[in-house]
Amino acid sequence: EAGVAQSPRYKIIEKRQSVAFWCNPISGHATLYWYQQILGQGPKLLIQFQNNGVVDDSQLPKDRFSAERLKGVDSTLKIQPAKLEDSAVYLCASSLLLAGTDTQYFGPGTRLTVL
Amino acid sequence: AQSVSQHNHHVILSEAASLELGCNYSYGGTVNLFWYVQYPGQHLQLLLKYFSGDPLVKGIKGFEAEFIKSKFSFNLRKPSVQWSDTAEYFCAVNAGYNQGGKLIFGQGTELSVKP
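Heads up: the protein sequence lines correspond to chains A and B, in order. In terms of the numbering used here, the first sequence is numbered consecutively and its last residue is 1260. In terms of the numbering used here, the second sequence is numbered consecutively and its last residue is 129.
Next comes chain B alone, as it looks inside the complex (with noise of 0.2 Å):
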């Protein structure tokens, strides 16, 4: 089965540190990659998604990601993190041409972000 992983549950940063969330899933096959980000008493939202070309894709506030296909890896950086980047982080996968919409997420990492 095909699944998502997210390796850590809970970052603590502080603010100007650099963060490296990681995601693995596993699947041979041509993916969508997607992270979605949820703010304190937010919606769900799209923070970058990639699915050809430059395997370095660059989402809205500052985030970054890099699929790696040899490693079956997306991973979510950003240089200098802001307390405004308190959240959950989600990875997400869809795998396959014949899978529509099908979205697989992680289980979500938890960011908190000193002042």
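In isolation and in its complexed conformation, chain A is listed as follows (with noise of 0.2 Å):
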């Protein structure tokens, strides 16, 4: 069974720039996970969508933060404009159903550093 795939793996843009990060999760997978881990911390959810719906993004900085997942299987995140405190791995993750027991499977990250 494929994990959950996403590209870039490492991007490094200026402040002020715009970047864009992709994630394709497992085949069947109903739920779709945006965190944000900043070095030293744990993943913060920034996003949780329900096929194409969403269910959370009460933490997302919505003044340049953007997500979508438009056909209810893959997903993009944008940050625009960057700023130096954006400097972070940035997880996506995917779960069978939208469940607080379910597992969730995380992909590799995409490391961003703003400089």
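There may be inaccurate statements among the hints.
[What the hints assert, rightly or not] Straight-line C-alpha distance at most 27 Å; calculated DSS-like pairs for lysine-lysine:
| no. | chain 1 | residue 1 | chain 2 | residue 2 |
| --- | --- | --- | --- | --- |
| 1 | A | K1160 | A | K1207 |
| 2 | A | K1160 | A | K1189 |
| 3 | A | K1223 | A | K1160 |
| 4 | B | K128 | A | K1189 |
| 5 | B | K72 | A | K1189 |
| 6 | A | K1189 | A | K1207 |
| 7 | A | K1189 | B | K83 |
| 8 | B | K75 | B | K128 |
| 9 | A | K1223 | A | K1156 |
| 10 | A | K1189 | B | K85 |
| 11 | A | K1216 | A | K1189 |
| 12 | A | K1216 | A | K1160 |
If you are wondering where the hints come from, they were derived from the structure by calculation, not from laboratory data. These numbers were taken from a predicted model, which means no experiment stands behind them.
Now that you have both chains on their own, put them together as the hints suggest.
Here you go:
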């Protein structure tokens, strides 16, 4: 079974530039999550989707971050414009159901460096 | 606000030593509890989880964790560590039936096992 795919794996940009990350979840998984992991901290949820609908985006900085999952499969997370404090690993995860007991499967992450 | 606290940032052990990593959470209602592990160069993956039943749960690779509701704790244990257990360990909590799959992570504990 293929895992969660993410690209790119690494990205270096200057502040005020824009960047986009892509995620393809495990086939058949209805729920998709984007997390931000700053160095030395645990992952923090940014947004979760159930199929193509947003379930929770309460921690997404909406003035600069946006995310979509148009066909209920893969997803894109965008930052525009980037700030220095956005330097982090962006993790995508998926789960079969939207249930608190369900296991989330994580991708390898995209490491973003903002200069 | 809900939070998860892991007591140790970095633990160094010799092979065959016993391991206990602490995890405490702040939420008074029903919780689902997880331990995830990230081996060097690999994705986050599930070690074990608890959502009901026997508070002592067993996971992969000889790990176990005990849920103590009165102490809001979910400590991870292994009787005898191996060099291959060197990794970063994250405790995570899903709090409440209306949280969907949202996980709140602790800051992680880095475990180094000396051969």
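Against the structure, the hints come out as follows:
Distance hint between A/K1160 and A/K1207 is fulfilled; the C-alpha atoms sit about 17 Å from each other, no more than 27 Å. At roughly 22 Å between alpha-carbon atoms, A/K1160 and A/K1189 fall within 27 Å of each other, so this suggested pair holds. Under the criterion of a C-alpha separation no larger than 27 Å, the hint pairing A/K1223 with A/K1160 is consistent with the structure, at around 14 Å. Of the supplied pair hints, the one linking B/K128 and A/K1189 is violated, its CA atoms being roughly 31 Å apart against a limit of 27 Å.
Of the supplied pair hints, the one linking B/K72 and A/K1189 holds, its CA atoms being roughly 26 Å apart against a limit of 27 Å. With a CA separation close to 15 Å, the supplied pair A/K1189 and A/K1207 stays within the 27 Å bound. Restraint check for A/K1189 and B/K83: the C-alpha separation of about 24 Å stays at or below 27 Å, so the hint holds. Straight-line distance between C-alpha atoms of B/K75 and B/K128 comes to about 18 Å, which keeps the hinted pair within the 27 Å bound.
The suggested pairing of A/K1223 with A/K1156 holds, with an alpha-carbon distance near 13 Å, which does not exceed 27 Å. A C-alpha spacing of about 24 Å is found between A/K1189 and B/K85, which places the hinted pair at or below 27 Å, so the restraint holds. Taken as a hint, the A/K1216 and A/K1189 pair is honoured in the structure, with Cα atoms around 25 Å apart against an allowance of 27 Å. For the hint linking A/K1216 to A/K1160, the alpha-carbon distance of about 31 Å lies beyond 27 Å, and the restraint is violated.
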